[in-house]
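Here the protein sequences come in this chain order: R and W.
Just so you know, my numbering puts 96 at position 96 of the first sequence, and the rest follows in order with no gaps.
Each position in the second sequence, counted from 1, maps to that position plus 1000 in my numbering.
Careful, some of the hints might be misleading.
[To be verified] Covered by chain R, per the in silico footprint, the following chain W stretches (three or more residues, Cβ under 8 Å): (1) 1015 to 1023; (2) 1090 to 1103; (3) 1108 to 1116; (4) 1126 to 1132; (5) 1162 to 1174; (6) 1230 to 1239; (7) 1277 to 1291.
[Stated by the list, open to error] Think about it this way: if two alpha-carbon atoms lie no more than 27 Å apart in a straight line, the pair counts; the simulated DSS-like pairs of lysine-lysine are: (8) W:Lys1289 with R:Lys99; (9) W:Lys1079 with R:Lys73; (10) R:Lys80 with R:Lys2; (11) W:Lys1270 with R:Lys72; (12) R:Lys80 with W:Lys1151; (13) W:Lys1270 with R:Lys119; (14) W:Lys1063 with R:Lys99; (15) W:Lys1289 with R:Lys148; (16) R:Lys103 with W:Lys1255; (17) R:Lys80 with W:Lys1089; (18) R:Lys408 with R:Lys455; (19) R:Lys99 with W:Lys1270; (20) R:Lys333 with W:Lys1159; (21) R:Lys377 with R:Lys246; (22) W:Lys1156 with R:Lys2; (23) R:Lys408 with W:Lys1232; (24) R:Lys332 with W:Lys1092; (25) W:Lys1063 with R:Lys2.
For the record, the hints were derived by calculation from the structure and aren't laboratory data.
Cβ coordinates follow ideal geometry from the N, Cα and C atoms, glycine included.
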Amino acid sequence: MKSLKDFSIETKEPLVKIEDNELVSLAPYITEENHPNKFSKEWIEKYDFSLDGYTVFPIENPNEEEKAQIVKKFLTGIQKLILPESNWTLMKPLLLSLKYCVKCNTCADACHVYIGSGKKEIYRPNFRSEILRRIYKRHFTTSGKLLKSFVGADIEVTYAAIRRLLELAYRCTLCRRCVLQCPVGIDNGLIARELRKLFSQELGMAPVEIFLKGTRLHLKAGSTTGMRTEAFRDIIKFIEDDIQEKTGRKIKIPVDKKGAEILLYHNGGEYISWPDHIAAFAILFDAAGINYTLSSETIGYDGVNYGAWYDDVELARVGLRHLEIAHELGVKKVVIGECGHSHKVYTVIFDRILPASSPLWNIQRESCLPLMWEIVKSGRIKLDPSRNNFPVTMHDSCNIVRLMGIYKPQRDIIKAITPGTFREMNPNGSMNYCCGGGSGFAIFRTLNFPVWKNKVSLRVKTKQILDTFSDVLDKDIPKHVVATCSNCKGSLRDMIHAYQLFDRFKINYSGLADLIVNAMVDIPPFLNLEELPE
Amino acid sequence: MEALLLFLAVLSPVALTAGIAIKFYKISQMPLNIRWEIYPLPKGELEKIRYGGSYMEEIDWVKKNNPRRSYFEFVEPFKELFFLHRVHKFNKYGLWIWSMALHWAVGLLFGTLIILLLDGIFTDIDLSGLVIVPIFSYVLGVFGSLGLIAKRFINKELKLYTSGIEYFNLIFLLLIFFTGFLSFIQDSSLSEAFIYVDGVLKLSIPFDEISSLTIIHFLLVELFLMYIPFSKFFHGPVKFFTFHKILWSDEFQTKGSKEEKKIMQQLHYKVRWSGPHMLSDQNWLENAKNTNLHEKS
Ligand code: SF4
Ligand code: SF4
C-alpha cells in the first residue's frame, strides 16, 4: 500500500489479497499447498469483498442515495463516540487513543492476525486506528479542518472506506495484546471495538451471529443458541441421565433453587456443543457439596453477553437481566463458568455499570476458577493425577488472564491433577496469543468469513500448540489442550478440524472441569482421548 | 522586539504549566469509563505483580482487604521514561536508540533550564560546572532527531503512518538542539545562556551581550514549551491517564464513593444513538431495562 488514502478508493477489487504462501508457515509440522479459494460467483457479484476478499456481512451494494445516508450516519456516529453522554462508557480511553498515538508501530508484532497473515498492512493493530484517527481529525478537529493532510487528516469518507472499515472492525479479536506493547498506553483493541459500537449503535450493522442471532435472540428466546426454557430442562434431564450412565451416580442438577449460595452461569453454547462439560461441573460441584443452582429463566440459562464485543447498550441489557435473575433467586454470588468474555463482563465491566449501592451490584460476581482450585486443594474429592498421564497444555483465555488477571488458580489445578505432564505454551499468561476466535470469530459462520478465520486468525495459535507439543507429536501419544473458555474451545475445535490436528497428531481438547473430573478416583475416566468431543 | 522576546520568555513556562493543568483538568472531567484494565498491573501483591495476577484470583475478593497500591505503580513509569522499556523490547524498526537519545535530550533540556534558573536565583552558588548537561542534551538531541527523521523517511512502513506534522515536530526538535549545539561551539562555557536566563529573571535581558544564535535557540525552546500541551508532545504527560487511570485502574467501586455518584449521574445520560435497537431519547438506565425491542430490529 502506497498511501493510507487508498483505503477510500471505490473499487470492487480487494485492497489486499491473502495468498496462502505468504501466511506464516506451519512447517515443519504441516506442509500446505497453495489452494486459492474459489467462492461462489453469485456472492462475488452480490456482496462486498473489497477489504481482503472475505466478508462477514451479507450486505448488498446500496444505491447512491443510501450510500450518502450511510456516510452521514457514520460521521454522526463518530461524533457520538466522542460525546460524554452517548459514550460515557469508553469515551476517555478512546479519545486519548485517537489523539496521542506517536506512530512508532511498537505494537505491530503483538498481533496474531498481523503475524498470521504474513504481516499484511491492513491487519497491523495501528492500521484501522489510523484510518479512524484520520477521519476523526478531518471532520472533528480544528487542526484537521485547517491543515488537512499536513496533520494526517487526509482520508476521504466514502462509502467504500466505511464499508472496508466495517469489515476491518471484524479482523481484530479485541484480545488487546497490542496494548501491552504500546509505550503510550494506546488501545488499538479498544478502537476496533468502538468502531463496532458505532456501526451497531448508529447504523444497526453487526454480524448476524452476535446481533440478530446474538443479543437479540438471547433477550427474546432466552439463549443465543435459540434454546428455550423447555429445551434447557430437557437437556438438563439428558445430562443427568448421561451422568448416571457413565458414572453410576444419580445427580440432581439444581435448577432454580431459591436461596442457593451460588448461581452458576454457563455459556449457553456448552449445553448444545459440549454437554459433557456441564456434566463435569455438575459432578464436581455435587461431589464437593457446593450449594449452587442453575436458572431456567429466559436468559438465565445462557451466561454469555455478546454485547461485550460490539454494543454497550446490548451489553447492559443482557447483563442487567442476568443480575436481576440472580437477585430474584436470592443467591449471594454469581459464579461464571468457563466462559472468558462473560468473566470479564460480570467481574470487571459490570463493576462500573451499576452504582455500588444497587442490590444488583452487591451480588458478588466471581470466576469459577478460584472456587475450583479451592475444591481441588481442600481434598474434599479424591483425585488421582495419574488418570491424566498424557501431555497437557493450557490455552490462556485473553479475557480471563490478560484482561482480569486470573492466572494462577487454573495452573495450580492442572499441576495438582496431572503427574507432571503439564507444559506451558510460550508465550503464556498475559502475553499469550489469542486463540483466534475471540470477540465472536468462533461463532461467525456467514459467507466466506470462516475460511479467513481458519486460514489467518487461528494460525498463530495452531503453530503455538504444535510448537508446545513438538517433542511428542507422535500420533500414538494422546495430547490435550485445556481451555477455560467456551469461545476458545470453539477455536480449538475449528483448528483441529481445519488442520486435522487430531488425525495427524492426536491433539484433543476440553475444558478444565472435564480434566478435574477425569482425575476423580471413584468414577470411571471421564475423558475419551481417542475421540473428539462432538 | 526585545520586549516581545522577554514577554515570550516569561510567558512560556506559564503557558506550559497552565496548558498542562488545563489539559489534565479537561481529561479528568471526562466521564468515568467502565473498567478497562490490563494485566500485569504494577500494584497489589508483589507475587501477583510478577505473574500478572489480580485480587480476582481469590474467593470472596470483595470482602478481603486486598492491597491495591504499591510503589511499583510509580516505579514502572520510570522504566519507560528512562529506558523506553517497551520500545526496546518490542519495536522492530530499530527506533529505540534514536528515540532514547531524543527522550534523554528533552529530559536534559529541562534539566538545563532548571540549572540555569537555579543559577540565576541563587547567585552565590556557581552551577557553571554543570554545563555538561546541556552539551549532552544538544548532542543527543541532534543525533536522535536526525535518526528518527531518517528512519521515518526511509522505512516504507513507518513512512506510511508519518504525516507532515510528525516531520515538522522532529525538525522543530532538531532545530532546538542544533542551535543549542552551535551556541556551544561558539561559546563553550555557555555563558550567554546563563546571562539570558539571569536576564529573564530580572525582567531585563541584556540582548547586546548575547549572540543572535543563542537568542534563536531560546526562542525555539520557549515556543517548544508553549507547544507541548497542545501537540503530540503531550504523549508523555498523558500516560498518567492512559496507564494510571485506565489500564492500571482496577479499583472496584465502594458505596458512597465519588465514583458511585458519577456512575449514577452517567446512567441518567440520554443514550442518543439511533440504531434500530436504541431508544435515543431515553437514558442509559431506561435503555438497559428495556429488553423488549425485538420488533424494532
Ligand atoms: S499504538 Fe502505541 S505502539 Fe502502536 S504506533 Fe501508536 S503509540 Fe506506537
Ligand atoms: S487487539 Fe489483538 S487482534 Fe486486535 S489488533 Fe490488537 S493484538 Fe491484534
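Notebook entry, point to check: Under a C-beta cut-off of less than 8 Å, do 3 or more residues of the segment 1162 to 1174 of chain W approach chain R closely enough to confirm the stated coverage?
Noted result: holds (count 6)
Checklist line | Distance restraint between R:Lys103 and W:Lys1255, which requires alpha-carbon spacing of 27 Å or less | finding: Violated, at about 41 Å.
Check: W:Lys1063 and R:Lys99: Cα distance at most 27 Å?
Finding: violated (39 Å)
Check: Hey, R:Lys377 versus R:Lys246, does the alpha-carbon distance stay inside 27 Å?
Finding: holds (25 Å)
Checklist line | Given pair status - R:Lys99, W:Lys1289, alpha carbons within 27 Å | finding: violated (34 Å)
Next item on the list: Closer than 8 Å, Cβ to Cβ, for at least three residues: run that test on the segment 1090 to 1103 of chain W against chain R and report holds or violated.
Entry: holds (count 6)
Check: Given the hinted pair W:Lys1079 and R:Lys73, is their alpha-carbon gap at most 27 Å?
Finding: violated (43 Å)
Notebook entry, point to check: Is the Cα-Cα distance between W:Lys1270 and R:Lys119 27 Å or less?
Noted result: violated (42 Å)
Check: With a Cβ-Cβ cutoff of 8 Å, does the segment 1230 to 1239 of chain W contain at least three residues near chain R?
Finding: holds (count 5)
Item checked: Verdict on chain R covering the segment 1108 to 1116 of chain W, criterion of 3 CB contacts below 8 Å -> Not satisfied, violated; 0 residues make the cut.
Next item on the list: Please work out if R:Lys80 and R:Lys2 have their alpha carbons no farther apart than 27 Å.
Entry: Distance of about 31 Å is beyond 27 Å: violated.
Check: Taken at face value, is the distance from the CA of W:Lys1159 to the CA of R:Lys333 at most 27 Å?
Finding: violated (53 Å)
Figure legend: structure checked against the earlier numbered hints; hints not met, in rising order: 1, 3, 4, 8, 9, 10, 12, 13, 14, 15, 16, 17, 18, 20, 23, 24 and 25.
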